[in-house]
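Protein chains in written order, with this note's numbering: chain X, 1 to 112; chain B, 1 to 113.
Bear in mind the hints are in silico, worked out from the structure with no lab data behind them. Quantities reported herein were computed from a predicted structural model and do not represent experimental measurements. Glycine included, each C-beta is placed from N, C-alpha and C at the ideal position. Just to be clear, a hint being listed does not mean it is correct.
Said to hold, decoys possible - With a straight-line cut-off of 25 Å between C-alpha atoms, the simulated BS3-like cross-links for lysine-lysine are:
#: 1; chain 1: X; residue 1: K67; chain 2: X; residue 2: K56
#: 2; chain 1: B; residue 1: K11; chain 2: X; residue 2: K42
#: 3; chain 1: X; residue 1: K2; chain 2: B; residue 2: K57
What the hints assert, rightly or not - Residues from chain B shown here face chain X by an in silico Cβ test under 10 Å; the list is partial:
#: 4; residue: Y35
#: 5; residue: H41
#: 6; residue: G42
#: 7; residue: Y48
#: 8; residue: D56
#: 9; residue: E59
#: 10; residue: A92
#: 11; residue: D96
#: 12; residue: R97
#: 13; residue: N99
#: 14; residue: Y102
#: 15; residue: G105
If you want the building blocks of each chain, they are given just below.
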Amino acid sequence: QKEVEQNSGPLSVPEGAIASLNCTYSDRGSQSFFWYRQYSGKSPELIMFIYSNGDKEDGRFTAQLNKASQYVSLLIRDSQPSDSATYLCAVRVSGGSYIPTFGRGTSLIVHP
Amino acid sequence: DAGITQSPRHKVTETGTPVTLRCHQTENHRYMYWYRQDPGHGLRLIHYSYGVKDTDKGEVSDGYSVSRSKTEDFLLTLESATSSQTSVYFCAISEDRGNYGYTFGSGTRLTVV
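If we strip away everything but chain X, and leave its shape as in the complex, we get (with noise of 0.2 Å):
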């Protein structure tokens, strides 16, 4: 059973502080990692995604992967009210299924 998890929050920080997000996985063969953004009543939508061969930085946002202790991270800079949303991860592992699975995702709350 695959399983990924994520704590709901909601994690509030101040306006322009670095907001970190985390995510644990089960599966040691995991390859790819994404990182979704939802706004309330809102689709989720793709921020960014990282395989198992580095971390990736877009802007204000950074991805990080660490596999020895099987979690994957996404930072925010600068954190703007307009963050404020749910971030879901997704995990997929190598071979067979395709199908990534989600985790339930963190509350975000960036205050002003």
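Use these hints to put chain B onto chain X, whose structure you have.
Chain B in isolation, oriented as in the chain X frame:
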């Protein structure tokens, strides 16, 4: 959402009635997916399709069927709706096997009374 639309956006139906939700894409993507999202459960895969007439079950497929007769359309049918199927349903598409993630539709909020 660019290239993917779901209909209807909202629907209220009675227990025991059949319901069909439609997902239409203009991206010519091969892969299409149906998810449901419920509080406390997150996104759960119902069925997916890897080509015309090629479909497979997800983790919560009981009570649901799908059809894909054209690349652009993926239909989800609740044969006999139950209150436990009250949920928000999202369709998603991917060009390949989701190597670069999914694009989601706007969702259908279904209420079974």
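Hint check results:
With a CA separation close to 15 Å, the supplied pair X:K67 and X:K56 stays within the 25 Å bound. Our distance criterion of 25 Å between C-alpha atoms is met by B:K11 and X:K42, whose separation comes to about 16 Å. For the proposed pair X:K2 and B:K57, the alpha carbon gap of about 17 Å is at most 25 Å, so the pair holds. The closest approach between the C-beta of B:Y35 and any C-beta of chain X is roughly 8 Å, which is under the 10 Å cut-off, so the hint is satisfied.
A hinted interface residue such as B:H41 counts as satisfied when its beta carbon comes closer than 10 Å to some beta carbon of chain X; here the least separation is about 7 Å, so the hint holds. Interface restraint check: B:G42 against chain X, minimum CB-CB distance 4 Å, threshold 10 Å, status holds. Checking B:Y48 against chain X: minimum C-beta separation of about 7 Å stays under 10 Å; hint holds. A distance limit of 10 Å between C-beta atoms decides the matter here; for B:D56 the minimum to chain X is near 9 Å, and the interface restraint holds.
Hint status for B:E59: holds, given a least beta-carbon distance of 9 Å to chain X, under 10 Å. For B:A92, the suggested interface contact is upheld, since its CB lies about 8 Å from the closest CB of chain X, less than 10 Å. For B:D96, the suggested interface contact is upheld, since its CB lies about 9 Å from the closest CB of chain X, less than 10 Å. For B:R97, the suggested interface contact is upheld, since its CB lies about 4 Å from the closest CB of chain X, less than 10 Å.
Interface restraint check: B:N99 against chain X, minimum CB-CB distance 7 Å, threshold 10 Å, status holds. Interface hint at B:Y102: satisfied, since its Cβ lies 7 Å from the closest Cβ of chain X, which is below the 10 Å cut-off. Hint status for B:G105: holds, given a least beta-carbon distance of 6 Å to chain X, under 10 Å.
Hint compliance for this structure: no hint is broken.
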